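Just so you know, the sequences run in chain order A and B.
Residues 1 to 134 (the numbering used here) make up the first sequence, in order.
Residues 1001 to 1410 (the numbering used here) make up the second sequence, in order.
For the chain B half of the interface with chain A, some residues (derived, Cβ under 8 Å), not all of them:
hint, residue
1, His1065
2, Arg1136
3, Glu1146
4, Arg1164
5, Ile1299
Simulated crosslink set (BS3-like; lysine-lysine; CA at most 30 Å straight-line):
hint, chain 1, residue 1, chain 2, residue 2
6, A, Lys89, B, Lys1298
7, A, Lys17, B, Lys1188
8, B, Lys1301, A, Lys75
9, A, Lys43, A, Lys26
10, A, Lys26, B, Lys1023
11, A, Lys59, A, Lys110
12, B, Lys1301, A, Lys110
13, A, Lys89, B, Lys1307
14, A, Lys17, A, Lys43
15, B, Lys1340, B, Lys1023
Bear in mind the hints are in silico, worked out from the structure with no lab data behind them.
In this text the structure is predicted, and so the values were computed from the model without any measurement.
Cβ coordinates follow ideal geometry from the N, Cα and C atoms, glycine included.
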Amino acid sequence: MSSLPMIPELLRQLMRKPATNLFPAKYLPPSVTEFLQSVASGKAHLTPPVETPPRFRGKIEYQRDGCIGCGLCVKVCPSHAIELLPETKRIRIWVDQCIFCSQCTDICPKGGLHMTDAFLLATEDRYEENLIVE
Amino acid sequence: MSEGSGRKAPYIIPIGPTHPALKEPVMFTFEMEGEMIKEVDFAPGQAHRGIEWMGMRRNPVQIVHLTDRICGICGVSHTFAFARAVEQIAEIEVPERADYIRALIAEFERIQSHLLWAGVAAHELGFDSLLHLTWRVREQSMDVIENLTGNRVNYGIIQVGGVRRDIVPEQHQVIEDCLNAYEGVISKLLELFLDDRSIALRCRDVGVLSHREALELCTVGPTARASGVNVDLRQDYPYSAYGDLDVRTILPDQYAGETRGDVYDRIVVRLLEVGQSCGIIRQCLDAMPAGEVTAEPKIAKLLAICKKASGEAIGRVEAPRGECFHYVRMEAQEAPHSWKVKASSYSNLMSWIPMLRGEQIADIPIIVASIDPCLSCTDRVAVIRGQRRDILSKEELHRLSVEATRRLQV
Chain A
1 MSSLPMIPEL
11 LRQLMRKPAT
21 NLFPAKYLPP
31 SVTEFLQSVA
41 SGKAHLTPPV
51 ETPPRFRGKI
61 EYQRDGCIGC
71 GLCVKVCPSH
81 AIELLPETKR
91 IRIWVDQCIF
101 CSQCTDICPK
111 GGLHMTDAFL
121 LATEDRYEEN
131 LIVE
Chain B
1001 MSEGSGRKAP
1011 YIIPIGPTHP
1021 ALKEPVMFTF
1031 EMEGEMIKEV
1041 DFAPGQAHRG
1051 IEWMGMRRNP
1061 VQIVHLTDRI
1071 CGICGVSHTF
1081 AFARAVEQIA
1091 EIEVPERADY
1101 IRALIAEFER
1111 IQSHLLWAGV
1121 AAHELGFDSL
1131 LHLTWRVREQ
1141 SMDVIENLTG
1151 NRVNYGIIQV
1161 GGVRRDIVPE
1171 QHQVIEDCLN
1181 AYEGVISKLL
1191 ELFLDDRSIA
1201 LRCRDVGVLS
1211 HREALELCTV
1221 GPTARASGVN
1231 VDLRQDYPYS
1241 AYGDLDVRTI
1251 LPDQYAGETR
1261 GDVYDRIVVR
1271 LLEVGQSCGI
1281 IRQCLDAMPA
1291 GEVTAEPKIA
1301 KLLAICKKAS
1311 GEAIGRVEAP
1321 RGECFHYVRM
1331 EAQEAPHSWK
1341 VKASSYSNLM
1351 SWIPMLRGEQ
1361 IADIPIIVAS
1371 IDPCLSCTDR
1381 VAVIRGQRRD
1391 ILSKEELHRL
1401 SVEATRRLQV
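Work the whole structure out from these sequences, hints included.
Here it is as structure tokens:
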């Protein structure tokens, strides 16, 4: 029994590959938009994110055509992120308020709501077009 | 802050409500004599979020997602306890397979919570390399939870009546791999934590909570068990699938041959429980019967059942930190008539006082962390103690202001 058992472990760790996935790049680029542009033009390399697990709950997808406007999704949404528009009998989802619980997709009688794999939704504007699904 | 007339001792050191040494907001007031803590008082209630108020305006199907968010670490325990309470009121029989899946997820949660705590404890001792190693190990259980539920935190797997996702045969392999990895690494973690001389020097006989004090203060979970109190809801009140599983309370004397009730014993109990949880998950996998995973797959119908239900019930679950208790009363309305959450840390907070008395300033962070306090879980009420209110109303502030002005005029 050594009294400093961490020392050999630390030496072993020195030889290992780091566990962190360096997404999107080794160092945070000063501007993400510029970085993505240089990735598109082939100047920089993008480290891909860790794969999402099976049946991941990402940004919601809404099939407007199949919707019957029953409003059940509004009733079960825990964060009041879904709004039923009375004039069109369709819903509007405020993704900034969505908690990604997928309860609305479970209750939808027409199967018109789905969770996608999209998770990069962070933005400074809560009312951005990308964050309103209708 | 001393009481005038040139008296120097005791010094009063306030720590908190937010402080780098504390991971959670709580206000401590220490009366010091030199380096030694003479007396200690604390005021929780800094993280009150009005969750029960929100719950009383939502139906049970919505509340399970709210209970997921009471605590970031024990995401399933609160939901589990709440769902059990509602199921008793609405007389919903949970299918056996769902019971096993619930227990399995709860055990994975215990693994990740205890490893998280062990890392925090190492960090509080200034042992950051061990923190990173422990959290690296913890990642594996997080990955399995993510695979089973779809999320690393806020799992959203439990719904009133059962669970929302089944465990498919391909996932058995993922669980199996994780358990094998843990069973290989647990002895190493025990060695790294318990054989380390600096950890032993900092934790042995520090923050002692005697068996008697642990009983008198009604501590729960690993905090109580580290003081030798034989309590574990999974053994004493087997809920869900635990009745069929072999769960024995883990006490520190099983490892060290003696119980001292100090911080070291709390590390022992939590690390041994990681191994125990691996065993329970194996039992779950072996004994899991086939069948439905929810009593009512149609959520609209479930809503209707819950709306008709009336009565009151409690749901108790052994969360990683101890007993988690939910009281629900429903009166044939959409939302519950009342809902009360008692998180495990609530029962454990008072044990800080005997633990901290007589210790040194430098030991405050590790002793405070040793009960694994979760104050966002705990802070359900605003405290009114005697004439002193911790939350001041507008009128009262006005009165205090007037009094202050009068004092100046004198």
